[in-house]
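Protein chains: 2
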Amino acid sequence: MSNTTTTTTKTTDKDSNDNKPVIGLSGRNIVYDKDGKPCRTCNTLLDFQFAMGKKPVIPHEPKEVKKEKLSGYTKDYPPDVSELGKSSWTLLHSIAATYPENPTDQQQKDLKQFINLFSGFYPCWYCGEDFKIYIKKNEIETKNQDLFGKWLCNAHNEVNKKLNKPVFNCELWKKRWKDGWDEEE
Amino acid sequence: MSNTTTTTTKTTDKDSNDNKPVIGLSGRNIVYDKDGKPCRTCNTLLDFQFAMGKKPVIPHEPKEVKKEKLSGYTKDYPPDVSELGKSSWTLLHSIAATYPENPTDQQQKDLKQFINLFSGFYPCWYCGEDFKIYIKKNEIETKNQDLFGKWLCNAHNEVNKKLNKPVFNCELWKKRWKDGWDEEE
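Top line first, the protein sequences correspond to chains A and B.
When the count follows full-length UniProt numbering, it moves up by one through the first sequence with no breaks and lands on 185 for the last residue.
When the count follows full-length UniProt numbering, it moves up by one through the second sequence with no breaks and lands on 185 for the last residue.
To be clear, the hints were calculated from the coordinates, so they are not data collected in a lab.
Certain hints may be false.
What the hints assert, rightly or not - In the BS3-like style, the derived pairs of lysine-lysine whose C-alpha atoms are separated by at most 27 Å in a straight line are: (1) Lys54/A with Lys143/B; (2) Lys54/A with Lys174/B; (3) Lys112/B with Lys136/A; (4) Lys136/A with Lys174/A; (5) Lys86/A with Lys174/B; (6) Lys136/A with Lys165/A; (7) Lys109/A with Lys75/B; (8) Lys178/A with Lys37/B; (9) Lys161/B with Lys75/A; (10) Lys150/A with Lys86/B; (11) Lys143/B with Lys174/A; (12) Lys86/A with Lys20/B; (13) Lys174/B with Lys34/A; (14) Lys174/B with Lys174/A; (15) Lys37/B with Lys20/B; (16) Lys178/B with Lys109/B; (17) Lys109/A with Lys112/B; (18) Lys178/B with Lys161/B; (19) Lys132/A with Lys109/B; (20) Lys143/B with Lys132/A; (21) Lys34/A with Lys109/B; (22) Lys165/A with Lys109/A; (23) Lys143/B with Lys34/A; (24) Lys112/B with Lys34/A; (25) Lys161/B with Lys54/A; (26) Lys136/A with Lys109/B; (27) Lys174/A with Lys34/B; (28) Lys109/B with Lys165/B; (29) Lys109/A with Lys132/B; (30) Lys20/B with Lys174/A; (31) Lys112/A with Lys136/B; (32) Lys86/B with Lys165/A; (33) Lys174/B with Lys150/A; (34) Lys136/B with Lys75/A; (35) Lys178/B with Lys178/A; (36) Lys86/A with Lys109/A.
Stated by the list, open to error - Reference excerpt, derived from the structure (chain A facing chain B, CB under 8 Å, subset only): (37) Thr98; (38) Asn102; (39) Cys127; (40) Arg176.
Glycine is no exception: its CB is placed at the ideal position from the N, C-alpha and C atoms.
The task is simple: from the sequences and hints, build the whole structure.
Below is the structure:
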């Protein structure tokens with residue numbers, strides 16, 4: 001199961017047989033749903049459009065493409081894997097920042113359940129599967145706010161490593177997600 | 001209980017007695033936590049800093065203030081109420097977009113539980129309370145993807161109305177959150 005954590009296993013045999021693209025314009029592997037269609041919530045918008053055979057959005061003109069007005073609201077595209085990831089980490093770390101310092105047993109049970117359900121409903125299916133594997137190997141720490149905040153920070157760093165992004169110093173998680181930075185820092 | 005949905009009840013008696021600001025620089029009411037401190041996840045960053053008596057971030061120079069580098073990662077501020085809202089709707093609508101067309105009883109039960117837990121853990125406490133009231137009055141529709149997507153779209157519109165934002169035509173929720181817009185639209 002741990003093989004699913006590498007990006008090279010995200011395409012299925014069916015895809016290569018069908019001559020579907022394996023690498024996207026971003027350089028990432030294209031991820032397909034189990035039915036063989038490109039997965040919208042697992043790829044960047046650019047790669048998704050490329051895999052769908054559509055004219056890709058040119059990165060330096062996103063505003064024209066994304067923000068056309070339609071009867072009062074913007075005609076935004078569904079979020080891609082990056083926007084979805086950023087949004088979800090924002091919510092989860094903020095939940096950590098407001099989780100009680102001394103939670104009750106019920107609050108701890110609820111938080112575990114919430115995180116488990118989150119991993120099941122996460123819209124990028126392979127990301128959710130990776131998260132489930134992480135949870136299995138690293139039990140969710142719910143005893144207090146700081147422990148949960150650090151557990152989540154470590155989980156986020158695992159993803160950062162996979163995406164070749166810098167890892168965060170988890171000792172500083174409260175500055176980033178709860179209290180803010182001191183002015184002199 | 002429905003009174004808690006108006007912004008004027010978001011300050012406590014204690015706040016006005018202590019001479020704490022009631023209106024923020026954004027024009028919104030300042031929201032305080034139950035212990036009387038300004039609530040970081042319930043206010044805009046500008047209003048939170050104002051209520052804390054700190055030099056406010058000047059809107060046209062956010063990059064200098066928010067994006068200083070610190071040992072490899074950016075020194076971002078904790079998300080304010082707007083960023084948190086946008087992020088959370090992005091996650092929830094994407095969950096609707098990938099929720100099964102024909103969910104099992106267990107999936108329906110799990111989704112209800114997830115949404116209920118979400119309302120309890122939501123980092124902006126008064127937003128979470130408003131959402132709980134909405135859920136009580138409007139039972140979560142989990143029978144299929146389209147019903148859940150529309151239920152969520154209506155819930156989002158309730159918040160849009162409170163914030164004087166345009167409401168979205170829920171018949172189009174799949175274009176915004178699942179399939180994207182046709183090129184000729």
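Proposed proximity, Lys161/B with Lys178/B (alpha carbon, max 27 Å): Status holds; Cα separation ~23 Å.
Holds or violated: Lys143/B and Lys34/A, Cα atoms, limit 27 Å. Holds, because 23 Å separates the two Cα atoms, which is no more than 27 Å.
Could you grab the alpha-carbon distance between Lys86/A and Lys109/A and see if it respects the 27 Å cut-off? Roughly 26 Å between the alpha carbons, so the hint for Lys86/A and Lys109/A holds.
Straight-line alpha-carbon gap Lys112/B to Lys34/A, limit 27 Å: 25 Å, holds
For a C-alpha distance cap of 27 Å, please report whether Lys161/B and Lys75/A respect it. Measuring from Cα to Cα gives roughly 19 Å; hence the hint holds.
Take a quick look at whether Lys136/A and Lys174/A sit within 27 Å of each other, Cα to Cα. 25 Å, holds
Checking one constraint from the list: CA of Lys161/B to CA of Lys54/A, max 27 Å. Satisfied? Outside the cut-off at roughly 36 Å; violated.
Can you confirm whether the C-alpha distance between Lys143/B and Lys132/A stays at or below 27 Å? 25 Å, holds
Holds or violated: Lys136/B to Lys75/A, with C-alpha atoms at most 27 Å apart: 31 Å, violated
Pairwise hint evaluation, Lys178/A against Lys178/B, where the allowed Cα distance is 27 Å at most: Answer violated: Lys178/B to Lys178/A is near 32 Å, above 27 Å.
Mind checking the alpha carbons of Lys86/A and Lys174/B for me, to see if they're no more than 27 Å apart? Holds. Lys86/A to Lys174/B sits at ~21 Å (cutoff 27 Å).
Given hint Lys136/B paired with Lys112/A - CA-CA distance at most 27 Å: With a Cα-Cα distance of about 24 Å, the restraint between Lys112/A and Lys136/B holds, given a limit of 27 Å.
Of the numbered hints given earlier, the model fails hints 1, 7, 11, 12, 14, 22, 25, 28, 33, 34, 35, 38, 39; all others are met.
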